[in-house]
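J.: Here the protein sequences come in this chain order: A and B.
Anchor point for the first sequence: position 599 equals 599 in my numbering, and the numbering is continuous, going up by one each time.
Anchor point for the second sequence: position 136 equals 136 in my numbering, and the numbering is continuous, going up by one each time.
To be clear, the hints were calculated from the coordinates, so they are not data collected in a lab.
From the derived model, a few chain A residues whose C-beta atoms are all more than 10 Å from chain B:
#1 65
#2 91
#3 173
#4 174
#5 189
#6 240
#7 243
#8 403
#9 413
#10 431
#11 525
#12 536
#13 565
#14 765
#15 766
#16 787
With a cut-off of at most 25 Å between alpha-carbon atoms, the simulated DSS-like pairs for lysine-lysine come out as follows:
#17 A:126 / B:30
#18 B:30 / A:22
#19 B:125 / A:451
#20 A:454 / B:125
#21 A:22 / B:146
#22 B:11 / A:22
To spell it out: a stretch of chain A is covered by chain B in this simulated footprint if at least three of its residues, at any positions, have a beta carbon under 8 Å from a beta carbon of chain B; those stretches are:
#23 12–23
#24 244–254
#25 500–511
#26 684–693
#27 713–724
A quick note: this is a predicted structure, and the numbers were derived from the prediction, not measured.
Cβ atoms here follow ideal geometry from the backbone N, Cα and C, with glycine treated the same way.
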Amino acid sequence: MGYQGIGASVRRKEDLRFLSGKGNYTDDINRPGQLYAVIKRSDRPHATIDSIDIAAASAAPGVVKVFTGADIVEAGLGGIPCGWQIHNIDGTPMAEPMHPVLAVGKVRHVGDPVAVVIAESRQDAKNAAELLDIAYTDMSAVANLTDAVKPGAVEVHDGVGGNICYDWAIGDKAIVDGVFANAHKVVKLDLTNNRLIPNAMEPRVALGDFDTSSGDWTLYTTSQNPHVIRLLMGAFVLHIPENKLRVVAPDVGGGFGSKIYHYAEEAIVTWAAGKLRRPVKWTADRSESFMSDAHGRDHVSTAEMAIDKEGHFLGLRITTLANMGAYLSTFAPAVPTYLYATLLAGVYKTPVIYCNVKAVFTNTVPVDAYRGAGRPEATYLLERLVDVIALETGIDKVELRRKNFIGVDAFPYQTPVALQYDSGDYQTTLKVALKNADWDGFEARRAEAKKRGKLRGIGISTYVEACGIAPSAVVGSLGARAGLYEVAEIRVHPTGSVTVFTGTHSHGQGHETTFAQLVVDQLGVPFDQIEIVHGDTAKIPFGMGTYGSRSLPVGGSAMVKAMDKVIAKGKKIAAHLMEAAVEDIEFKDNTFTVAGTDKSKTLTDISLAAYVPHNYPIEELEPGLDETAFYDPKNFTFPGGCHIAEVEIDPETGVVEMVGFTAVDDVGRVVNPMIVEGQVQGGVAQGIGQALMEACTYDSDGQLLSGSYMDYAMPRANDIPGSLSVATENTLCTHNPLGSKGCGEVGAIGSPPAVINAVVDALKEYGVRHLDMPATGAKLWSIIQAAPSSGHTPAMAAE
Amino acid sequence: MAQVTLTVNGKQHTVEVEGRTLLVELLREKLGLTGTHIGCDTSQCGACVVHIDGMSVKSCTQLALQADGANILTIEGLAEADGTLHPMQEMFREHHALQCGFCTPGMVMTAVDLVQSHPEGLSEKEIREGLEGNLCRCTGYHNIVKAIAAAHPLMHAQAAE
Numbered sequence: 001m002g003y004q005g006i007g008a009s010v011r012r013k014e015d016l017r018f019l020s021g022k023g024n025y026t027d028d029i030n031r032p033g034q035l036y037a038v039i040k041r042s043d044r045p046h047a048t049i050d051s052i053d054i055a056a057a058s059a060a061p062g063v064v065k066v067f068t069g070a071d072i073v074e075a076g077l078g079g080i081p082c083g084w085q086i087h088n089i090d091g092t093p094m095a096e097p098m099h100p101v102l103a104v105g106k107v108r109h110v111g112d113p114v115a116v117v118i119a120e121s122r123q124d125a126k127n128a129a130e131l132l133d134i135a136y137t138d139m140s141a142v143a144n145l146t147d148a149v150k151p152g153a154v155e156v157h158d159g160v161g162g163n164i165c166y167d168w169a170i171g172d173k174a175i176v177d178g179v180f181a182n183a184h185k186v187v188k189l190d191l192t193n194n195r196l197i198p199n200a201m202e203p204r205v206a207l208g209d210f211d212t213s214s215g216d217w218t219l220y221t222t223s224q225n226p227h228v229i230r231l232l233m234g235a236f237v238l239h240i241p242e243n244k245l246r247v248v249a250p251d252v253g254g255g256f257g258s259k260i261y262h263y264a265e266e267a268i269v270t271w272a273a274g275k276l277r278r279p280v281k282w283t284a285d286r287s288e289s290f291m292s293d294a295h296g297r298d299h300v301s302t303a304e305m306a307i308d309k310e311g312h313f314l315g316l317r318i319t320t321l322a323n324m325g326a327y328l329s330t331f332a333p334a335v336p337t338y339l340y341a342t343l344l345a346g347v348y349k350t351p352v353i354y355c356n357v358k359a360v361f362t363n364t365v366p367v368d369a370y371r372g373a374g375r376p377e378a379t380y381l382l383e384r385l386v387d388v389i390a391l392e393t394g395i396d397k398v399e400l401r402r403k404n405f406i407g408v409d410a411f412p413y414q415t416p417v418a419l420q421y422d423s424g425d426y427q428t429t430l431k432v433a434l435k436n437a438d439w440d441g442f443e444a445r446r447a448e449a450k451k452r453g454k455l456r457g458i459g460i461s462t463y464v465e466a467c468g469i470a471p472s473a474v475v476g477s478l479g480a481r482a483g484l485y486e487v488a489e490i491r492v493h494p495t496g497s498v499t500v501f502t503g504t505h506s507h508g509q510g511h512e513t514t515f516a517q518l519v520v521d522q523l524g525v526p527f528d529q530i531e532i533v534h535g536d537t538a539k540i541p542f543g544m545g546t547y548g549s550r551s552l553p554v555g556g557s558a559m560v561k562a563m564d565k566v567i568a569k570g571k572k573i574a575a576h577l578m579e580a581a582v583e584d585i586e587f588k589d590n591t592f593t594v595a596g597t598d599k600s601k602t603l604t605d606i607s608l609a610a611y612v613p614h615n616y617p618i619e620e621l622e623p624g625l626d627e628t629a630f631y632d633p634k635n636f637t638f639p640g641g642c643h644i645a646e647v648e649i650d651p652e653t654g655v656v657e658m659v660g661f662t663a664v665d666d667v668g669r670v671v672n673p674m675i676v677e678g679q680v681q682g683g684v685a686q687g688i689g690q691a692l693m694e695a696c697t698y699d700s701d702g703q704l705l706s707g708s709y710m711d712y713a714m715p716r717a718n719d720i721p722g723s724l725s726v727a728t729e730n731t732l733c734t735h736n737p738l739g740s741k742g743c744g745e746v747g748a749i750g751s752p753p754a755v756i757n758a759v760v761d762a763l764k765e766y767g768v769r770h771l772d773m774p775a776t777g778a779k780l781w782s783i784i785q786a787a788p789s790s791g792h793t794p795a796m797a798a799e
Numbered sequence: 001m002a003q004v005t006l007t008v009n010g011k012q013h014t015v016e017v018e019g020r021t022l023l024v025e026l027l028r029e030k031l032g033l034t035g036t037h038i039g040c041d042t043s044q045c046g047a048c049v050v051h052i053d054g055m056s057v058k059s060c061t062q063l064a065l066q067a068d069g070a071n072i073l074t075i076e077g078l079a080e081a082d083g084t085l086h087p088m089q090e091m092f093r094e095h096h097a098l099q100c101g102f103c104t105p106g107m108v109m110t111a112v113d114l115v116q117s118h119p120e121g122l123s124e125k126e127i128r129e130g131l132e133g134n135l136c137r138c139t140g141y142h143n144i145v146k147a148i149a150a151a152h153p154l155m156h157a158q159a160a161e
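Bound conformation, chain A alone:
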């Protein structure tokens, strides 16, 4: 076995159980005496609930209980809380309407939970749910952003005028307007960011359990952050103190953001388990996931860049409508503001920026963070706009980017939109990506493709994102209702093995491996003597979970800090045992040494002495070797890089084939290169999905049209190019002890504009300036057919 510390592509510990069918996902857990919950959901987008007759359902075979919104109200439960409060331009707080656990009086989107049937078997519950007699009076609905803000549009929530949740801005409008008034040229682009459904492969599951002897509740749930669920559900919804409530998130089958949030079903099963004094389990059908998991993206924007004669960016002005859906999900208000607008400088030294964001309620599923969360929207907008500027000025698109880049010597760089980037080298990631993608050889490939009747295009995206969230004081001042530090406990056992308790959560990221590598590196403990524990509030002191690529930069940094404490205490014990001064003790490779001597003690010697303190400085030191650290980051981290996509379009069908993709990312220090590559590959696949095929679609009345895998196109193996090249060119984060920036989202952030830029490039002979995602075959075929320069006359017309 070779070196297994930082920098080694150690094969994953968790794989053995996943590959043998021994994973322990929430739906694999069953409790004795368990009941099954089935949720009756609204099949209409907007209606008053006139009556709910539960008599027939309640009398159906196997049914134990039916609950409706009235029962929740009577029990005095709270609504589902929102974790962020954004303020309007005028300083007033955002509109924050009640988000009920079960609908009361009205339903506001297809999928809104109305009642829950709890029965001895899932089939009994399903059968009985069909017997619920719910009388609705349909109301008109608003399904999309532009309809929702039209004068006279129906209100999703009574009293929320114009359906505006908030009207927020960043930047000085007067200054930016002034720059635009005097600019050489202004380039304007209207664009949308398509609505997506995250689609982690494991549907959500929640299993509530109540211990009748202790009076404690346990919730097993598919969550990215069990402590956050305990806090939100316990304090705001069920009013259960933390000491009586345990939340377990065992193996979780992917999240991508959709499993951050506190969902109604978690509260329902936990509450019902207490009421019925039996465990209650709910497992989502995939169809339910489509209409109840928080969706992602869904922006409509207008972007304008003011430029000088040479193409230098002088100012950026943006207005964005962001869809919140029918209710505010946990992170939702933060996504189009502090995770989007603050990234609008991108990798460019644009001196002034103004962005106005209106968050809008619609009769659709709540929208929240999905892989990248705000940064993909910012990157897509900027990188499309830059390509349009190149088109309209005739400046080469690579040269235009280069001349506007923030220089490598400009860090720390204060952007005009609040963030301060600590490090980066955009020229280098660009240079390496151009080389890896053989950018210079592209025109030959285009010509060759043309001979085969194919339209070949190449597209580039240079980006920066913010992750490692987040400094608590900063986010607190911006409206976060929580701190975003992370927690680690390092327990060195008496015989020297180590258990790490981390407040982050692994749902595919491989923390059991990478976090063990940190311990190998810092404490010198062998890899197979290290256990990583996550996902259980009863075991782990506290934690904020995994999202925003924070686990390594924030959670890993907490581990480093806790291990520093272990070493510091170990040095004191070693000094005592070796009768030396503490200042003379050095620690390296699992061994404490008295400097300049051959006297040494292993970590195991020290841990044994700590737990068997016969010869021990007991007056000064407590026994034991178990240290906890809370790490609050000093700043965000700023991964970035360059993505290049190459496509071929068949003009006869409009179908796009991805023929190449090159990513060169700067993710800071890499702990496990194999895992980083996998994270980027997966992110790129999701970005390609967004760019070419994925579209959550509602009809104009608010009915969900893409409600299953038959209607929502997911990328399959054949949609991803075989020539997918992933590399890193790293600069270190300057403010965390690991120097790591995070790699979970870069793939999904950098890739969509690269793909669309390539598609637009392929269609340049048809005069295409812009097209909205997804670039489906049908859409491109129509564009090609409609283009005046089209050599592809429609077959009908030709006849």
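Given chain A, work out where chain B should sit, using these hints.
T.: For chain B alone, coordinates are given in the frame of chain A:
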């Protein structure tokens, strides 16, 4: 309720099932073989793929009653009794072809059948086409394709022994 008798991972079981019980439900709920997963309700994700009489089948597309008399292999039965991984499992680990692990059992069972039924070899394109019925949201498929290509010679060398 009706009775169904079937062999799963070499062990014979006789179980009472409702007529509407799906094979995947029988495996997960009656036999406790939770390695086979349910990722959708339209038979499109492939998380529930098992082998029925040597062929890969989505176990959500069959009623349990249809499996009467069948010989079924699930992910739990793929490794050797002493825990030695099947070459496909080994190559998935070696090539980091799994992240969250949820699609993995179905993906591995599909891949084993794909390789077994193509002793002549598989091109990258054929592997990708062979995965048409399996969704993965984490990996972008890149490493899954690599793992299957790497497992092909190992599996056929083993079969030739």
